[in-house]
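If you read the sequences in order, they're chains A, B and C. Each residue of the first sequence is one higher than the last, beginning at 1 in the numbering used here. Each residue of the second sequence is one higher than the last, beginning at 1 in the numbering used here. Each residue of the third sequence is one higher than the last, beginning at 1 in the numbering used here.
Everything labelled a hint here was simulated from the structure, so no lab data went into it. What you are looking at is a predicted structure, and each value in this text was computed from that prediction instead of being measured. Just to be clear, a hint being listed does not mean it is correct.
To be verified - Here are the simulated distance ranges between beta carbons:
1) F253(B) with R105(A): 44 to 52 Å
2) V146(B) with L283(C): 50 to 58 Å
3) L81(B) with R347(A): 31 to 39 Å
4) L62(B) with L268(A): 38 to 46 Å
5) G65(B) with G374(A): 33 to 41 Å
What the hints assert, rightly or not - Below, a list of computed lysine to aspartate or glutamate pairs in the DMTMM-like style, where the Cα atoms sit at most 20 Å apart:
6) K71(C) with E60(C)
7) K250(C) with E120(C)
8) K390(C) with D161(C)
9) K342(C) with D161(C)
10) K300(C) with D184(B)
11) K310(C) with D184(B)
Cβ atoms here follow ideal geometry from the backbone N, Cα and C, with glycine treated the same way.
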Amino acid sequence: MTRLHTLGFLALATLLLAVPLTSGNEYELRLFMLFLIYAIIAVGLNVLVGLAGLVSLGQAGLFALGSYTGAIVATRLGFDMIGSALVAAVVAGLFGVLLAYPTVRVRGVYLAVVTIAFGLIVENVAIEWQSLTGGTTGLTSIPAPNVFGAVLSGYAYYGVLAASLFLLVLAAHNLKFSRYGRAMLAIAQSETAARALGLNPTAMRTLAFVVAAVTSGIAGTYYAFLNAYISPDIFTFTDSVRFLLMVILGGAASTFGPVIGAYILTYLPEYLQEFAVWQKFAYGALLLAVMFVLPRGIMGSLGALAARLRPAAKAATPTAGLPAEITLAPDERRPHAELVARALTVRFGGLTALAEASLRVKPGEIHALIGPNGAGKSTFVNTISGFYRPTSGAFELDGVQLTGLSSHEIARAGLARTFQNTELFGEMTVLENVMVGYQQRLAYGLAAALLHTPAMRREENRCRETAAGLLAFVGLADYRHEQARFLPFGLQRRLEIARALAAGPRLLLLDEPAAGLTTQEIDELEAMIRRIAGLGISVLLIEHHVELIMAVADTVTVLDYGQVIASDTPAVVQADPRVVEAYFGSSASHANLAEASA
Amino acid sequence: MSTVAQYIFSGLAIGGIYALVALGFHIMWSAARAVNFAHGDTLMIGGLLAAYLVGAGWPLALACGLAVLVGGAFGFVIERLAVRPFAGQANSIGWMLTTIAIGIMVESVATIETQGYALPLPSPGVAGSVQVLGAGLYPQELAIPVIALVAMAGLRLLQRRTLIGRAMQAVAHNRNAAALMGIDVNLVIAFSFALASLTGAAAGVLIAPVVQASATMGVLPGLKGFAVAIMGGITSAPGVVLTGLAYGVIEKFVEGYVSTAAREIVGFSLMIVVLLVFPQGLFGKREVAKV
Amino acid sequence: MSSKGLMRGQLLAATVAFGLAGSMAHAQQQPCIGNSAAVTGPAAFSGQAIKMGAQIAIDEINEAGGVLGQKLRLVQYDDAGAPPRGVDNTRRIALADKCIAVLGGFHSTVAVAQVEPVNEIGIPYIGVWAANTKAIENGRDPNFMFRVSAKDKWVARFLVDEALKVSKDGKIAFFYENTGWGNGALPDIKAAMAARGKELVAAETFNWNDQDMSPQVIRARDAGAEVVMVWSLDREGNQILRAMDKIGYKPAVIGAWGISGNLGELAGPLANGVRVMQTYSFLTPQGETGKKVLAALAAKYGLNDPSAIKAASGIADAYDAVYILADAIRIAGAFDWAKVQKALYEVNRDGLVAPYKPAFDKADPERNDALLPEHYLLAVWHDGKLIPFKGSPYDK
């Protein structure tokens, strides 16, 4: 935890302790308790919006679910507050899973509409299911907050809310700085790259939804006990917008932003009362102003300001890197990887992109795949990395069938790749990008992540050191705290290689790594590929740059119109008339290819 | 039998409004991959302004015409002020919240002006009811779905026969390529928002005589119109219009044979299910992601 | 007091004890009357009407020297019809502003939600609009919830009596909005029907902003209803009338006061003959007080034409409620909540809406309501105006 964060937590604790002592009257304290409840929702929602990058405009629906569930089990079954909150958390969490399911298929504005619809359905069910929810009149006579039969005093209940919020902020902070938080951020920024590194986007999105749902559910129960009365009008679309705004206003993805946003938006209506009939207008105007003046929220803008004022702060203490030769040392028990593709055929509608293409990457070799534009190279790469499904044929790594597996499963089997159009996690630092690559080698679970246990910290340190070592390996050690999107293009390519290596692959798939590089950079790349192969990692290289291929490849396979037309050593392939024809047409001569490669 | 006819025709009338609103969302989305979440308020502006002007003694046709134009201008301004600065952001939170904010402001002003009361918009279309297959309807209600279909056909004609229409299609297909071909993309987007808002405000003018104009008249049609657009496949004009009409009819049958109360629950659940089965909507085009 | 109430008492006591002491002591500043009402949103007119009625009464009282030598002031907060905001406002009025009493607002759901904090804190509340029966008849003793407005239970009886006068064989349908007000009235209507040995032939519900009511109207018609009782606001009332018109169904329509605003303007001739219950009309011959209030409405708010006043009942009820409260403070001799609550039962006054003799009756739990069924007024829509039924073209 950085010093600033520690200060922040101290400030939060002080605030939570000071408020009950300085409140002028019960009303002020109550309002503050309301803020605590909203802050709990906002901190949970921040995991969904800030980390996982998903917009929910139906959070009031989950809040309502928690509120009603808590109130019903408390009034009907006589549960105490803790029991009610747990039941509410479970019910809301289940609905969180349900809500996450559509993210498998829809994203962005479509997802926003699904969440809006969800919120409206909950609101209307609360209105219609009169026997259970009391309909429009709502539920009254919710008991006072109680634990194991003992009624909590106002102060004690305040204590429960304050402690809940404090622990939640801490847990959310810990989550963000763990493999789960990094995975969510990575998936939000490039799902493609995340999948290629073995991250499971559906699992992570579900987790984010469940976190947001469970916190809203617990907050709902707290709310029901605080208010002693709930009705459907408490949980409208307007409230969903307000919850989202709390996160945005405070600063999405920041630790304390949602708390600050919740504070402002809880107290704002009190001040807006001054505007009488114009208060909704004033609220709208304020919302508009926030989006223009503070699009990244208060914490986001403060962070940007701080970064501008003290750029030196970025160069934090360098972590000693573990040399790549150690972290990538081949496992004695496992031989070098062998990739075999058998008669792969891929059709898009009527177009056959790949026709019965077979290829074998021998253990430990550097294998180049070349071919003119449109020959099917990209299709081949995307197929064996699981982004496309082959129409027929099969492929396997060391005899393990990979056909039909999804991309993150293939990645976990030991196949890592880079992308033709670089797919970095642009808003994460260079170091964090590589740490995401290491993700699958981390073993700690969710509880350890939330608690930041010593074992978890040891693993994290190992991860950070490995990442630092890999950055040194590709020559990016000095850039580790830069945001990835600010790197020059050539360095972005290297970062992708480091990130792919962090996954500890046995086969590395490089998709046109030389495209757009200068001659000098290509020379460095050539050396790097040799060093990677030297570590015992098999390399499949897709490339146009003939000189590079001739220099590094052990075997060259040539694709044309989706078919393999040659596969042999560079020298043999270079002399193959069919290859020459494919590249230059029938009239071209052997000399031309030699010239092109010169 | 007459009851069934009643539900079908009443449903088509309200469905026609959903269709017109959804058509507006389609036009905006095609151009900008963003929409105006205050589109329901565009409808309200159209209906309420027309009612106000008629109340102030303007002739009906003139009042309606001006109200529709003001609605169109509203869309133009929203695009410029609230959508363009946030277009192209990875998540859509920016323009969603700015347009919602403007919606709140507009609705607030309208509420203050009307004190929350509804205003009548007298129209010859609701002077007396007519009987069709045993169903009682105002001629205005019969006209609404027809107008929705005409608007859909008109949009297609615009896209086929005019320069700006072809530019709209080019931008919808590939914005960068359109820009390279010398099309002023921003102009096309602004025009699309204005055009969408014209149809939205027209929907307001059309429905106001039937439901009365009020500050909140646009909330539900706006929300459901968007749901319909997403459900029908927001990239397809005929898709959203047909879905809108069908949605209106389904609503009426739910009201008639299940209960009025179940309407929203059934409608929105249906939408979620449709999206799960057809992620691009019923008639939407699949967008293949290239790695 | 129930055990739950005791728990609440402890909760409050504990809350107060840990450093919030003094909230019960009333500030020395100008005493205030608080109001939580809808100032924004679809019922914004109601907040405006309450403000007008209460402010006129307060100004008159202050001009006459105030109460106990102090001038009163009105504090109005917006709840936009949302119960949680109404509850927060109640607490703010009681605990932060330390007002003498709370005036209620338009929405029944808000009033029901206010029962809890009002009785927990122990501040007198006088409803001036929301008619939900249970908001005031809440089973508490002492009960701090009072009302100078209609009560659905009595309105239901009043309207059922009217409906049965019109109906030949007692086939009555009930249309109610799907809100706390409408849903709260359903049991009242059923009870009133049962008391007359009848049952509803149809009970139909609808939401605000619904655009077409033909399914509901068709069901009522098919059930053979001759009279339709309506618990709705003007906009939905208009939709009901139009749906009836479309299918050629012409029952007698009798409504609670939700359709006493601008139904005539919205529905035009279709509204002719629709009967509405009201508590007050400025269109009848006015007494001294009525003339005074009309003059104040014209002078302060520019409402020169009595028929342009759309929320007469709300204005008049708020006006009377303030006077009743002022009387209670004088009787109590203090601005103390508990004393004022007791004194409210001793107020006798000739008000604008009705003679209150007494205003409330401690012995009768039904009588925390000041307006009695005999004070209710039957009005009827005629050519865009709401006129007293008595002597109208429909009074046969």
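Here's how the hints hold up against the structure:
1. For F253(B) and R105(A), the Cβ-Cβ distance of about 28 Å falls outside the hinted range of 44 to 52 Å, so the restraint is violated.
2. In this structure the supplied range 50 to 58 Å is violated for V146(B) paired with L283(C), their Cβ-Cβ distance being about 44 Å.
3. Between L81(B) and R347(A), the C-beta spacing of about 47 Å breaks the proposed range 31 to 39 Å.
4. Between L62(B) and L268(A), the C-beta spacing of about 42 Å keeps the proposed range 38 to 46 Å intact.
5. Between G65(B) and G374(A) the C-beta distance comes to about 54 Å, which lies outside the given range of 33 to 41 Å.
6. Taken as a hint, the K71(C) and E60(C) pair is honoured in the structure, with Cα atoms around 10 Å apart against an allowance of 20 Å.
7. About 49 Å separates the Cα atoms of K250(C) and E120(C), which puts this hinted pair outside 20 Å; it is violated.
8. For the proposed pair K390(C) and D161(C), the alpha carbon gap of about 16 Å is at most 20 Å, so the pair holds.
9. Simply put, K342(C) and D161(C) have alpha-carbon atoms about 34 Å apart, too far for the 20 Å limit, and the pair is violated.
10. For a cut-off of 20 Å, the pair hint linking K300(C) to D184(B) is broken: about 56 Å separates their Cα positions.
11. The suggested pairing of K310(C) with D184(B) is violated, with an alpha-carbon distance near 52 Å, which exceeds 20 Å.
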